[in-house]
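Colleague: So you can see what is in the structure, the chains are spelled out below.
There are 2 protein chains.
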Amino acid sequence: MTARTSSAALIGAAFAASVVYAVSAQQGDGPRYAPGTSNLLRPADYREWIFVGSSLGLDYRAAASGQAPGFGNVFVNPSSYRAFMQTGKWPDKTTFVLEFRASGKETIADREGRFQTTLSGLEAEVKDSRFPDGWGFFLFNNPDAATKGSPPLTGDTVQRCIDCHTKNTAVERTFVQFYPTLFDVAKKMGTVKANYGEP
Amino acid sequence: MTARTSSAALIGAAFAASVVYAVSAQQGDGPRYAPGTSNLLRPADYREWIFVGSSLGLDYRAAASGQAPGFGNVFVNPSSYRAFMQTGKWPDKTTFVLEFRASGKETIADREGRFQTTLSGLEAEVKDSRFPDGWGFFLFNNPDAATKGSPPLTGDTVQRCIDCHTKNTAVERTFVQFYPTLFDVAKKMGTVKANYGEP
Numbered sequence: 001m002t003a004r005t006s007s008a009a010l011i012g013a014a015f016a017a018s019v020v021y022a023v024s025a026q027q028g029d030g031p032r033y034a035p036g037t038s039n040l041l042r043p044a045d046y047r048e049w050i051f052v053g054s055s056l057g058l059d060y061r062a063a064a065s066g067q068a069p070g071f072g073n074v075f076v077n078p079s080s081y082r083a084f085m086q087t088g089k090w091p092d093k094t095t096f097v098l099e100f101r102a103s104g105k106e107t108i109a110d111r112e113g114r115f116q117t118t119l120s121g122l123e124a125e126v127k128d129s130r131f132p133d134g135w136g137f138f139l140f141n142n143p144d145a146a147t148k149g150s151p152p153l154t155g156d157t158v159q160r161c162i163d164c165h166t167k168n169t170a171v172e173r174t175f176v177q178f179y180p181t182l183f184d185v186a187k188k189m190g191t192v193k194a195n196y197g198e199p
Numbered sequence: 200m201t202a203r204t205s206s207a208a209l210i211g212a213a214f215a216a217s218v219v220y221a222v223s224a225q226q227g228d229g230p231r232y233a234p235g236t237s238n239l240l241r242p243a244d245y246r247e248w249i250f251v252g253s254s255l256g257l258d259y260r261a262a263a264s265g266q267a268p269g270f271g272n273v274f275v276n277p278s279s280y281r282a283f284m285q286t287g288k289w290p291d292k293t294t295f296v297l298e299f300r301a302s303g304k305e306t307i308a309d310r311e312g313r314f315q316t317t318l319s320g321l322e323a324e325v326k327d328s329r330f331p332d333g334w335g336f337f338l339f340n341n342p343d344a345a346t347k348g349s350p351p352l353t354g355d356t357v358q359r360c361i362d363c364h365t366k367n368t369a370v371e372r373t374f375v376q377f378y379p380t381l382f383d384v385a386k387k388m389g390t391v392k393a394n395y396g397e398p
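Which chain is which? The protein sequence lines are A and B, in order.
To convert, note that position 18 of the first sequence is 18 in this note's numbering; the numbers rise steadily by one, no gaps.
To convert, note that position 126 of the second sequence is 325 in this note's numbering; the numbers rise steadily by one, no gaps.
Chain A with its partners taken away, still in its complex shape (with noise of 0.2 angstroms):
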């Protein structure tokens, strides 16, 4: 958003209501966790952050005959994204959350295209100076995950996590290869990592 203003639009009931917006968006976009654990709470508004790329079919579950390739969607809390645009490197509380969705199919004209569909998965990384690694992976497949939270995953199933978001991503353990406005500033501000051939 820019920062325009308007001194008029500065006084009355309208701009109490935006101020409780404001707040709530700038301050209170880091990852929640349960009292006393590190539970993620799946964010409520996560629909609301910042969209930085969707791919199909690059899902890395396990392949089911015939089944239609799934989109993968991902976010990034509003803060954090601004703090990468200015520097090209993610702050501490920095959530992501990747939103799998089934596609549809759909012709118009002579070409046929792929659409978004139900949601069939959400899951969230997270960079926090509490977490051994600095960064928590979270699969948020439990019911209750937007009022217990979800548990960060542990053992094999983080390493595995872990492995892949060393070897094959562009910047620090993100994907920014595959979100092109983040690659371009990365590239900008020198933040790709130097053994990272591009894709």
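Where hints are given, some of them may not hold.
Said to hold, decoys possible - Simulated crosslink set (DSBU-like; lysine-lysine; CA at most 35 angstroms straight-line): (1) A:LYS89 to B:LYS347; (2) A:LYS148 to A:LYS167; (3) A:LYS187 to A:LYS93; (4) B:LYS386 to A:LYS148.
Stated by the list, open to error - Here are some chain A residues pointing at chain B (derived, C-beta under 8 angstroms): (5) GLU48; (6) LEU58; (7) ASN73; (8) ARG111.
What the hints assert, rightly or not - Taking CB as the label site, the calculated pair distances span: (9) B:GLN285 to A:SER120: 47 to 55 angstroms; (10) B:ASP291 to A:THR37: 42 to 50 angstroms; (11) A:GLU112 to B:ARG329: 30 to 38 angstroms.
Just so you know, the hints here were simulated from the structure itself, not pulled from any lab data.
As the structure is a prediction and not an experimental result, all values here were calculated from the model.
Ideal Cβ positions, reconstructed from N, Cα and C, are used throughout, including at glycine.
Given chain A's structure and the hints, the job is docking chain B onto it.
Modeller: Relative to chain A, chain B alone:
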């Protein structure tokens, strides 16, 4: 964003900065035209708007032989998104940006998928009572679209837009059937067109 608040957070310098942000986000996110015209200025910040859906291969340009399918990302201005989530209808001044991106190919494990790369086109659809039809359609293919704007499409060209956006859309003149979180709201609110058949 949820409407959480904190009295402590309402004081101090961060507060002032948030107010500026909030006013611009809440009240300044509708269409902006070059003075005295209906030429739409290319929104500088549409990538921070609300993402509603992505498709692959559904662009309506002529397909070049052997060309990889392109992605289409759709963003809507935040205040209109919030209105739609409450009502299932688009308020006047709703602005959609349709961003086309080329796709790259990557293989993870045994699955081949596509991710988004370079920008290949940018268009807009605006609900605005200033247009005879109530909706304007724009191509941002002029390099000075950010400062001088792009004129609304006219004549046979816009008629094709209108015909397709009348015949094939689920809600008003918009392809809400391809935006799954919005489609759910429209069905709940009863704003899906009576003659619409689900894709």
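Colleague: Let me make sure I understand: some of the numbered hints might not hold for this structure. Which ones are they, in numerical order?
Modeller: 9
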